[in-house]
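Keeping their order, the protein sequence lines are chains A and B.
Take the first sequence: its position 413, counted from the start at 1, is 413 in our numbering, and no numbers get skipped.
Take the second sequence: its position 61, counted from the start at 1, is 61 in our numbering, and no numbers get skipped.
In case anyone wonders, no lab produced these hints; they're calculated from the structure.
Backbone N, C-alpha and C define an ideal beta-carbon position, used for all residues, glycine too.
Incorrect hints may appear among the rest.
Now the in silico label distances, taken between C-beta atoms and shown as ranges [to be verified]:
{"hint": "1", "chain 1": "B", "residue 1": "Val23", "chain 2": "A", "residue 2": "Gln322", "range": "58 to 68 angstroms"}
{"hint": "2", "chain 1": "A", "residue 1": "Gln48", "chain 2": "B", "residue 2": "Ala83", "range": "46 to 56 angstroms"}
{"hint": "3", "chain 1": "A", "residue 1": "Gly59", "chain 2": "B", "residue 2": "Asp75", "range": "17 to 27 angstroms"}
DSS-like, lysine-lysine: derived pairs with alpha carbons at most 30 angstroms apart [unchecked claim]:
{"hint": "4", "chain 1": "B", "residue 1": "Lys10", "chain 2": "A", "residue 2": "Lys238"}
{"hint": "5", "chain 1": "B", "residue 1": "Lys71", "chain 2": "A", "residue 2": "Lys68"}
{"hint": "6", "chain 1": "A", "residue 1": "Lys112", "chain 2": "B", "residue 2": "Lys26"}
{"hint": "7", "chain 1": "A", "residue 1": "Lys112", "chain 2": "B", "residue 2": "Lys71"}
{"hint": "8", "chain 1": "A", "residue 1": "Lys96", "chain 2": "A", "residue 2": "Lys145"}
{"hint": "9", "chain 1": "A", "residue 1": "Lys283", "chain 2": "B", "residue 2": "Lys82"}
{"hint": "10", "chain 1": "B", "residue 1": "Lys15", "chain 2": "A", "residue 2": "Lys238"}
{"hint": "11", "chain 1": "B", "residue 1": "Lys15", "chain 2": "B", "residue 2": "Lys30"}
{"hint": "12", "chain 1": "A", "residue 1": "Lys238", "chain 2": "B", "residue 2": "Lys71"}
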Amino acid sequence: MRILLIDDDEDLRNLLSRYIRGQWSDAQIDAYDPLERDVPDETFPLGQYDVVVLDYMLGRGDGLQWLKILKQRPECPKILFLTGAGNEIIAVRAMKAGADDYQRKQELTREKLITSIRELTATQVERTVSPDLASRLEGHDLGAKIRIPGIKVLHLIGEGGTARVYLASREDDDEPLVVKILRQEIVLNKKALERFMEEYAMVERIQSRHVARIFGHGTSDNNVYLVMEFFEGGDLSKRLAGQPMPPRDALKFFRELMFALGDIHEKGILHRDLKPQNLMFRKDGTLAIVDFGIAKNIAAADRTGAGEVLGTPRYMSPEQVQGRALDLRTDIYSAGVLLFQMLTGEHLFDGQTAMEVAMHHLNTQPRLLPDHLEVYQRLLDKLVEKDREARFRNADEVIGFLSRKLEQAAGDAAPDRTQKLH
Amino acid sequence: MAGMTEEDCKVIVAKDLEDLIPVFMKNRHKELDALRVALAAADFEQLRQLGHRMKGVGNSYGFTHVSTLGKHIEDGARSGDKASLQAVISEYHDYLSKVQIAYE
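Let's have the full structure, built from the sequences with the hints guiding it.
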């Protein structure tokens, strides 16, 4: 394998070389410093490389311009473009200019780099041997086939149990978007398809600053898709990274979550699957809830089969574990579990199996918060009451408690007075 | 230093990157000199570029605080805030003199 690294930073060139050699010890890696050399001209043997890793910020050059110049050459190899984190519009422009993959530079790990290069250089044999690789490459191919009016699907960025997730852009202004394409096996499942379409129908009805915006849905070549906003700030799971948040931040985000729940409950919708991966952050730091994949209209006929348990065990309410009829207090409980995690960096309940965790929600009293977080104990107790009759009845009650009781009691530790924005 | 904790000064680096760290640290000290020169000349574009580079390279090697300071420098350069830039550059100097590196 032969790789060309174009980056103005010596330390990054050294690091990327080390990562690549750690995986492919015989790789030939050529470093190209744009501070010392101009864009490779037609005499440069570009076609000898398998992959070019190209940075966006080149010191005295613009990586996007270099990308366009290199891609004009027919022998140009695959290009992995490095962008700044939180700058997805550059990623959109790079993919439109012909980049074959992109990575956020500040988040580029050894694993991400190797995975990307492996995908870019995969041979037919490797596609056959590795199911994971085959699935991802199939995902890339599918993204290239999808046609959505006014939208360009650019790049596979994630794979879930029900849908593949793509970075896309609005053709008018390059605004980054997300396109979710339902997996074919789900499309064939009438119940799952109904849930996916319901997700679109429900979320579009909600006009809230704290709920993901949906821009459209439809079918293309027998594939069902959903177009929604792109969140540059990532999700709560990434934000926490196993660590506690400062209480002020935790309460700010919790309050925004309550605004979101107030808005969806007002429309008669339960989320039923609140978890860190479903709380996303915008570039301005505001929080929004996503993925109503198992959300259910309170008034609708229950399509969940008898005894079928949906949701993520770590954040399930006791009544959800029992498979009982749910009301909006189930989301209040899950939000309480999330608050515990934001404040402490730990899960409310742990266990060896999903069932063990679920049973804790049913039978085990939560442990107390550490002393320095004692001021939040009453709030938490009333959120994660096992008896839902003793729990907060709705998000408005929680917000009222935050304003009236907690801020007075907490003094300096009072939560941020975020205002409802919609 | 108000913005820097003891934890910020403890860095864990992958064992197989150990031989890259002397060059990395040498470049950080050169960067500090370049930041001071740029600030003295009120060259905010240069300061922004240096901050951007710190932001990119710090996390990659496990030096999270380098990235944090880089972001502050980038932001300060964009707003032309010399006092804030002076404080961040002083903190960077302090950080480089205190940072402890463990290899695992």
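Each hint tested on the structure:
The hint said 58 to 68 angstroms for the Cβ distance between valine 23(B) and glutamine 322(A), and at roughly 60 angstroms that hint holds. Separation of glutamine 48(A) from alanine 83(B) is about 51 angstroms and conforms to the stated range, judged on CB atoms against 46 to 56 angstroms. Between glycine 59(A) and aspartate 75(B) the C-beta distance comes to about 20 angstroms, which sits within the given range of 17 to 27 angstroms. A distance of roughly 21 angstroms separates the Cα atoms of lysine 10(B) and lysine 238(A); the hinted pair therefore holds under the 30 angstroms criterion.
This hinted pair checks out: lysine 71(B) and lysine 68(A) have alpha carbons roughly 29 angstroms apart, not beyond 30 angstroms. In summary, the hint linking lysine 112(A) to lysine 26(B) is supported, as the alpha carbons are separated by about 27 angstroms, within the 30 angstroms threshold. Of the pairs offered as hints, the one joining lysine 112(A) and lysine 71(B) holds, with about 23 angstroms between alpha carbons and a cut-off of 30 angstroms not exceeded. A C-alpha spacing of about 15 angstroms is found between lysine 96(A) and lysine 145(A), which places the hinted pair at or below 30 angstroms, so the restraint holds.
Note on lysine 283(A) and lysine 82(B): the hinted pairing holds, with a Cα-Cα distance of about 26 angstroms set against a maximum of 30 angstroms. For a cut-off of 30 angstroms, the pair hint linking lysine 15(B) to lysine 238(A) stands: about 25 angstroms separates their Cα positions. For the given pair, lysine 15(B) sits about 24 angstroms from lysine 30(B) by alpha-carbon distance, which is consistent with the 30 angstroms threshold. Distance hint between lysine 238(A) and lysine 71(B) is fulfilled; the C-alpha atoms sit about 19 angstroms from each other, no more than 30 angstroms.
Every hint, counting from the list given before, is met by this structure.
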